[in-house]
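J.: The primary structure of each chain is shown beneath.
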Amino acid sequence: MSAKSSVDKSSVTTSSLDNFSVGPAAAGSATDLAPEPVVRRGAAERTDFLLSRGARALVRSLRRPGLRRPVISLLVVIAVWELVGRFVITNHLFFVPFSDVCRALARLAATGELQRHVAASLAAIAYGMGLACVAGVAFGILLGASRTASDYSEFFLNALYATPLIALAPLLILWFGIGLMSKVAVVFLISIFPILISTTSGVRNVDLYFLDVARAFGASRPQIVAKVLIPAALPFVLTGIRLAIGRAIAGVVVGEMFGARAGLGYLIYTSSQTFDVASLFAGVLCLAVIGVSLTSLLQGLEGRLVRWKPPVLED
Amino acid sequence: MHRIVPFAGSTAKLSVQGVCKRFSRRSPDLPVLSDLSFEVHAGEFFVIVGPSGCGKTTLLRIIQGLERPSAGTILLSGSPLAGAGPDRGFVFQHDSLFPWRSALRNVAFGVELRSATRADAERSARAIISLVGLAGFEDHLPCELSAGMRQRVNIARALAVDPDVLLMDEPFAALDALTREGMQQELLRIAEATRKTVVFVTHQIDEAVLLADRIAVLSARPARLMRTIEVDLPRPRSLAAKRSARFQALMEEVWTLIAASHSVDGRQAS
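Going line by line, the protein sequences match chains A and B.
Take the first sequence: its position 77, counting from 1, is numbered 77 in the working numbering, and each next residue is one higher.
To convert, take the position in the second sequence, counting from 1, and add 315; that gives the working numbering.
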């Protein structure tokens with residue numbers, strides 16, 4: 001391949017050609033271009049030569065519309081934000097350009113303050129959601145499998161799911177004090193219900209044939225739960241957890257606004273008290289990044305674990 | 316109880332004695348099964364054939380222990396059965412594979428339940444997978460297999476627990492005609508290789524004659540045993556047996572019995 005190219009290619013050195021023929025896509029493009037005029041091929045190769053391999057991979061991925069469009073929209077939004085901040089809303093008590101927010105982020109990161117706030121919020125989310133997942137899945141299975149348990153608790157669960165439990169945050173802070181515990185409690189309380197309810201409906205939706213099969217092979221009740229109910233309900237459980245992420249982030253912010261000495265909610269609150277709008281936006285931006293990352297992490301997990309079935313519940 | 320005595324010393328692997336079944340809530344007067352008794356010998360391929368909806372599946376589910384008979388007893392190797400157990404393997408009519416388990420792990424399911432380690436279960440499953448001709452497809456998910464292959468996994472799952480009796484509930488009913496013939500051929504090979512005692516339910520007469528050592532013909536609902544017919548076609552058999560004159564004669568015999576059951580049933584009801 002590289003030998004053939006070097007025969008009819010004189011302007012590029014051998015070492016660059018070797019480098020050029022490493023990636024399969026690069027090799028393919030050289031083959032495609034082979035019958036075309038020499039001038040055109042030379043130009044294409046010079047461009048490729050100038051770009052590093054990483055940049056070329058980026059350009060290649062941007063050729064795919066599925067990746068290009070979100071990047072374009074992001075760049076447009078940032079540009080509009082910047083222009084509005086510079087020329088439309090010039091009072092920095094209300095709005096700041098994107099570049100100011102970046103500067104605030106850099107300043108906060110340099111002092112280590114940003115890392116402290118992010119770590120505090122992530123810890124509250126991790127502990128709160130971890131507990132909510134364990135408790136939500138366990139109770140969800142119980143309620144899905146036992147008619148009696150669900151008859152006794154159905155009404156309260158629906159009532160609690162519909163109530164904005166965030167309203168209880170001040171009470172929880174009274175109970176658990178200012179600090180990690182109260183934030184964990186708020187996150188737990190607010191994120192358990194989507195997990196619990198979707199796990200319950202997942203267990204209730206298990207195909208009766210699967211239970212028949214398990215019984216025919218003499219499975220005990222614990223075996224039915226472990227080998228049939230849980231794997232069959234898994235897509236529902238993961239969807240429930242994905243829905244809970246947004247609520248958990250809202251919960252941690254509210255908890256931190258009412259009673260905390262660290263965390264992104266605390267950063268946002270104190271920044272607003274000092275009219276430091278750039279730092280306020282920096283905090284919000286971090287929350288957005290956390291939310292998007294956690295959600296896409298979970299979507300990746302769903303794709304991996306439930307290859308056998310598309311996600312069922314969407315609301 | 317007096318019924319048990321004459322069978323006590325017999326060599327029957329599976330003995331169904333006076334089994335009745337009525338679903339009291341829906342139709343208290345009309346039983347599904349009425350006083351069914353028959354015996355299946357060790358290593359025998361026993362086919363139960365009857366018109367659709369006559370209660371064949373119910374009978375099989377009772378033998379498996381998925382349902383309780385309203386009256387009667389079932390003995391396996393001379394001892395009465397209570398509940399489901401791994402001494403019987405059940406091949407379901409519907410595609411009942413666990414979609415989240417690979418072919419291999421589906422086959423291993425029954426073995427896993429008996430406190431074997433996962434590695435042990437998969438080792439014995441691997442042997443059965445190649446017996447049903449699915450070597451190389453161990454790691455495929457059910458959604459990646461064809462309908463015929465899924466039914467092979469279904470059969471392998473039942474065989475993997477090494478049951479005394481293999482119960483098969485119209486396992487090929489949902490397959491297209493060509494795949495069904497291929498699977499019949501495969502089942503002949505597997506049954507002759509493993510020498511398993513098989514109870515096979517179908518409403519297809521040609522399938523019954525091709526596979527069976529003995530055919531039990533049931534009447535329309537309520538199902539009664541009309542007659543058992545010995546199938547004296549030589550073994551090992553293949554699909555070619557279908558072209559023999561003896562095959563045609565046996566099919567005719569079964570068909571006549573089933574047709575008669577409809578008219579007899581009509582007269583009894585009045």
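Honestly, the hints are just simulated from the structure, not real lab data.
As the structure is a computational prediction, the values presented were derived from the model and not from experiment.
C-beta atoms are modelled at their ideal positions from N, C-alpha and C, and glycine is treated no differently.
Treat the hints with care, since some could be wrong.
Unchecked claim - Pair by pair, the computed Cβ-Cβ distance ranges are: (1) B:383 - A:304: 38 to 44 angstroms; (2) B:410 - A:300: 55 to 61 angstroms; (3) B:430 - A:161: 38 to 44 angstroms; (4) B:392 - A:304: 55 to 61 angstroms; (5) A:299 - B:574: 58 to 64 angstroms; (6) A:146 - B:430: 21 to 27 angstroms; (7) A:303 - B:504: 55 to 61 angstroms; (8) A:149 - B:383: 54 to 60 angstroms; (9) B:564 - A:222: 52 to 58 angstroms; (10) A:159 - B:350: 41 to 47 angstroms; (11) A:305 - B:558: 48 to 54 angstroms; (12) B:463 - A:222: 30 to 36 angstroms.
J.: With reference to the structure, classify each hint as holding or not holding.
T.: Each hint, compared with the structure:
no., hint, verdict
1, B:383 - A:304: 38 to 44 angstroms, "holds (43 angstroms)"
2, B:410 - A:300: 55 to 61 angstroms, "violated (29 angstroms)"
3, B:430 - A:161: 38 to 44 angstroms, "holds (40 angstroms)"
4, B:392 - A:304: 55 to 61 angstroms, "violated (46 angstroms)"
5, A:299 - B:574: 58 to 64 angstroms, "holds (59 angstroms)"
6, A:146 - B:430: 21 to 27 angstroms, "holds (25 angstroms)"
7, A:303 - B:504: 55 to 61 angstroms, "violated (40 angstroms)"
8, A:149 - B:383: 54 to 60 angstroms, "violated (26 angstroms)"
9, B:564 - A:222: 52 to 58 angstroms, "holds (54 angstroms)"
10, A:159 - B:350: 41 to 47 angstroms, "violated (55 angstroms)"
11, A:305 - B:558: 48 to 54 angstroms, "holds (51 angstroms)"
12, B:463 - A:222: 30 to 36 angstroms, "holds (34 angstroms)"
Checked against the numbered hints above, the structure violates hints 2, 4, 7, 8 and 10; every other hint is satisfied.
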